[in-house]
Amino acid sequence: MTHGSIDKVSLEILMDRRDPTTRFVELLTSHQIDLFAYVNTLLVGSPDVDDIVQEATLDLWARKDKYDHERPFLPWAFAFAFQRVLAYRKTKQRSRIIFSDEFLNSISEAYMETAGNASTLDVRLTALSNCVKKLDPKQQKLVYDRYFEKISMRVLAERIGGNVNQVCVTMHRIRKSLAKCVAAAVIKERQL
Amino acid sequence: MIEPQARLMVLLDKILAGSCSSADRREFSTLLESNPELSKEYLEQMQSHCLLQMQSKREQKSVQLASLDHRGVLQDRNRRRSKFVQKSWLLAACLLIAALGIAWVSRGHLGPQSSTIAEILEQEGVAWSKNTTALGQNGEISTGLLELQAGAVTLQFRSGVTMYAIAPATLRIESDMLVLLDRGQASANVPKWATGFTIETPDVEVVDLGTKFGVLARDDRSTDVVVFEGEVDLKPSYDSNSQQTRLYQGEGVRVSNAGKIARVVEVRREPGNGSWSTDSESSQSGVIKSIRDNILSSSSVKYYEIVNKGFNEDARAYVDRVHEWNGLGTEGLPDFLKGIDYVRTFNDFKYASNLKIELELARPAVVYVFFDDRVPTPAWLTSQFDNTGIDIGLDEGPWSYTDFQRRVISDLSLKVAVGPGNSIEQKFSVWERKCPTPGTLILGPLGDDAGARAAYGIGAAALE
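Chains as they are written, first to last, in our numbering: chain F, 1 to 192; chain A, 1001 to 1464.
These aren't lab readings, by the way, just hints derived from the structure by calculation.
Hints may be right or wrong, so weigh each one.
Derived coverage of chain F by chain A (criterion: at least 3 residues anywhere in the stretch with Cβ under 8 Å from a Cβ of chain A; other residues may be distant) [stated by the list, open to error]:
#: 1; segment: 29-42
#: 2; segment: 83-89
In silico DSS-like links for lysine-lysine, alpha-carbon gap of 27 Å or less [unchecked claim]:
#: 3; chain 1: A; residue 1: K1309; chain 2: A; residue 2: K1338
#: 4; chain 1: F; residue 1: K188; chain 2: A; residue 2: K1040
#: 5; chain 1: A; residue 1: K1235; chain 2: F; residue 2: K176
#: 6; chain 1: A; residue 1: K1415; chain 2: A; residue 2: K1356
#: 7; chain 1: A; residue 1: K1309; chain 2: F; residue 2: K90
#: 8; chain 1: F; residue 1: K180; chain 2: A; residue 2: K1057
#: 9; chain 1: A; residue 1: K1309; chain 2: F; residue 2: K92
#: 10; chain 1: F; residue 1: K180; chain 2: A; residue 2: K1212
#: 11; chain 1: A; residue 1: K1260; chain 2: F; residue 2: K134
#: 12; chain 1: A; residue 1: K1014; chain 2: F; residue 2: K133
#: 13; chain 1: A; residue 1: K1040; chain 2: F; residue 2: K134
#: 14; chain 1: F; residue 1: K150; chain 2: F; residue 2: K133
#: 15; chain 1: F; residue 1: K92; chain 2: A; residue 2: K1427
#: 16; chain 1: A; residue 1: K1212; chain 2: F; residue 2: K133
#: 17; chain 1: A; residue 1: K1057; chain 2: F; residue 2: K141
#: 18; chain 1: A; residue 1: K1427; chain 2: F; residue 2: K90
#: 19; chain 1: F; residue 1: K138; chain 2: A; residue 2: K1057
#: 20; chain 1: A; residue 1: K1014; chain 2: F; residue 2: K150
#: 21; chain 1: F; residue 1: K176; chain 2: A; residue 2: K1260
#: 22; chain 1: F; residue 1: K134; chain 2: A; residue 2: K1427
#: 23; chain 1: A; residue 1: K1356; chain 2: F; residue 2: K150
#: 24; chain 1: F; residue 1: K66; chain 2: A; residue 2: K1309
#: 25; chain 1: A; residue 1: K1338; chain 2: F; residue 2: K90
#: 26; chain 1: A; residue 1: K1235; chain 2: F; residue 2: K180
#: 27; chain 1: F; residue 1: K64; chain 2: A; residue 2: K1427
#: 28; chain 1: A; residue 1: K1338; chain 2: F; residue 2: K92
#: 29; chain 1: A; residue 1: K1260; chain 2: A; residue 2: K1235
#: 30; chain 1: F; residue 1: K133; chain 2: A; residue 2: K1040
#: 31; chain 1: A; residue 1: K1356; chain 2: F; residue 2: K90
#: 32; chain 1: A; residue 1: K1434; chain 2: F; residue 2: K90
#: 33; chain 1: A; residue 1: K1014; chain 2: F; residue 2: K141
#: 34; chain 1: A; residue 1: K1260; chain 2: A; residue 2: K1130
#: 35; chain 1: A; residue 1: K1309; chain 2: A; residue 2: K1356
#: 36; chain 1: A; residue 1: K1235; chain 2: F; residue 2: K188
#: 37; chain 1: A; residue 1: K1014; chain 2: F; residue 2: K138
#: 38; chain 1: F; residue 1: K176; chain 2: A; residue 2: K1309
Since the structure is predicted, the reported quantities are computational estimates derived from the model, not experimental observations.
Virtual Cβ for every residue (Gly too), placed ideally from N, Cα, C.
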């Protein structure tokens, strides 16, 4: 047995000994990104995603005693978030809803499959930072301007002397490349 | 590059940036729904997008914390990283709990006990899905999801409403006055003080006005609404500007996902059971397979109610009146009628001079028609049926209706009584026809000038 694996086992034992509320808070906080991404994927473009995630979090908190710590947290949590998404859709005019009910179910299922083994937020964010650094300088600047400076697509297009569609395509390629890079880094982390 | 993927690239960022039009949204939706291979790409994009957003939020917090650090809050620079992680985790936990606490109190929840908004009154063979979140200990129901996989349950809400649901059904309990029915059947009995109780499906919002009513969210993206007593208001979800429609006792409609409203012609109920069905094929044991007529949805949305094995003393005669069938004397109904299947017709069909009813039988049967003795016997009856020479009685209750000139005509002094031979207002002759092979019978109108009389009833017994 290696030293690393002893640490891992000890950590798991220590985690199990903590009181359920502490463990639950840790689960909630470490999986906020997953709830956020899940709701965002189902309600893409909605300005109310943060509110819905908060409402879903309230639902989870209210039922923390019902959570079986032996069971995976994410599928349990997503079920509440999904109900909040459905309730939200009912309050909106049909023209503001993007996906049909059937497709919503299908995309939710697909999401759950990909998120089944989601690693912790810290691991993913560290991987993301490293992956952004691997982009070429122009792409890094575009990511920074778009996500950190919140510069509009139209202004970004003017800066590169192109049109909005070209920026959209570039952003799409960058996110695709980052997704592959992060997934590979997460797998590598698990193997350590 | 294939065209759909190219469009996805352009549309997604417009949507994420909030700079898209309704047409962009529709195109994006159609694009993804008709090109399943793009789903994986979409998920991948959203994963990166959300991680980048999260990183951005964290950077902003980091900047704020760094400014605190600059003022000397965190002095030990060698341990800054670990302290930051520890502090941010604790901060997140504290903020989370504080936010939850504030939101909880602001929503009026004083504790877990007070969040109970209904309890299970009765249940039979119930199996809940693992997705169910609204069910607490001892049958207490709070807000959340109820997914019924098997059996039937009756809930008693704090508002006084009782609601019966039968599997398979998916309900989201929003409050003791609002239930979102995503799938399946729910029937509510709403006391006057709980007027406004609402059952909402993806197709329609049904607001109660003091009544007994049933809602069925069908798998074909339509909703059936049936009013057993009182009245309800309907508001189709298709268009938020669509007009509200009021439904009265004895009326039933199917509201499509596109907001179209059509008449429900037939409702089937088993006695002693809260469930009902609007599908002819649903009955396995009934003698009557289906009933149809030539009344257009535009002129009436009243339904026929088929009650299997339900013809007994004090059986409700019409869907739109409280009148009851009874034996004329204390000896009660004749034995050959007791417990047979029958149709609750609607009394207003007496005004339909061209009425044509198609009664389809599921098996060999004796069909009975109970015909008002005050009305001249029509030819369609004498040519197809034999008069048994036996009469039964109609015990009338209070009634009212609005005529063509919008005048309300009523007699509210009448009351129904219990048991045979009591409070009988009208005599009805029992006509019979033996049908040794299953088929369809055509029944006609009540007759000319029959407006002031009572509509006929229909019964059927299996032919042995």
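Consistency of the hints with the structure:
{"no.": "1", "hint": "29-42", "result": "holds (count 6)"}
{"no.": "2", "hint": "83-89", "result": "holds (count 3)"}
{"no.": "3", "hint": "K1309/A x K1338/A", "result": "8 Å, holds"}
{"no.": "4", "hint": "K188/F x K1040/A", "result": "22 Å, holds"}
{"no.": "5", "hint": "K1235/A x K176/F", "result": "44 Å, violated"}
{"no.": "6", "hint": "K1415/A x K1356/A", "result": "31 Å, violated"}
{"no.": "7", "hint": "K1309/A x K90/F", "result": "41 Å, violated"}
{"no.": "8", "hint": "K180/F x K1057/A", "result": "22 Å, holds"}
{"no.": "9", "hint": "K1309/A x K92/F", "result": "46 Å, violated"}
{"no.": "10", "hint": "K180/F x K1212/A", "result": "57 Å, violated"}
{"no.": "11", "hint": "K1260/A x K134/F", "result": "56 Å, violated"}
{"no.": "12", "hint": "K1014/A x K133/F", "result": "26 Å, holds"}
{"no.": "13", "hint": "K1040/A x K134/F", "result": "24 Å, holds"}
{"no.": "14", "hint": "K150/F x K133/F", "result": "19 Å, holds"}
{"no.": "15", "hint": "K92/F x K1427/A", "result": "55 Å, violated"}
{"no.": "16", "hint": "K1212/A x K133/F", "result": "65 Å, violated"}
{"no.": "17", "hint": "K1057/A x K141/F", "result": "18 Å, holds"}
{"no.": "18", "hint": "K1427/A x K90/F", "result": "52 Å, violated"}
{"no.": "19", "hint": "K138/F x K1057/A", "result": "22 Å, holds"}
{"no.": "20", "hint": "K1014/A x K150/F", "result": "14 Å, holds"}
{"no.": "21", "hint": "K176/F x K1260/A", "result": "43 Å, violated"}
{"no.": "22", "hint": "K134/F x K1427/A", "result": "93 Å, violated"}
{"no.": "23", "hint": "K1356/A x K150/F", "result": "69 Å, violated"}
{"no.": "24", "hint": "K66/F x K1309/A", "result": "45 Å, violated"}
{"no.": "25", "hint": "K1338/A x K90/F", "result": "48 Å, violated"}
{"no.": "26", "hint": "K1235/A x K180/F", "result": "47 Å, violated"}
{"no.": "27", "hint": "K64/F x K1427/A", "result": "65 Å, violated"}
{"no.": "28", "hint": "K1338/A x K92/F", "result": "52 Å, violated"}
{"no.": "29", "hint": "K1260/A x K1235/A", "result": "11 Å, holds"}
{"no.": "30", "hint": "K133/F x K1040/A", "result": "25 Å, holds"}
{"no.": "31", "hint": "K1356/A x K90/F", "result": "41 Å, violated"}
{"no.": "32", "hint": "K1434/A x K90/F", "result": "53 Å, violated"}
{"no.": "33", "hint": "K1014/A x K141/F", "result": "19 Å, holds"}
{"no.": "34", "hint": "K1260/A x K1130/A", "result": "35 Å, violated"}
{"no.": "35", "hint": "K1309/A x K1356/A", "result": "25 Å, holds"}
{"no.": "36", "hint": "K1235/A x K188/F", "result": "55 Å, violated"}
{"no.": "37", "hint": "K1014/A x K138/F", "result": "21 Å, holds"}
{"no.": "38", "hint": "K176/F x K1309/A", "result": "65 Å, violated"}
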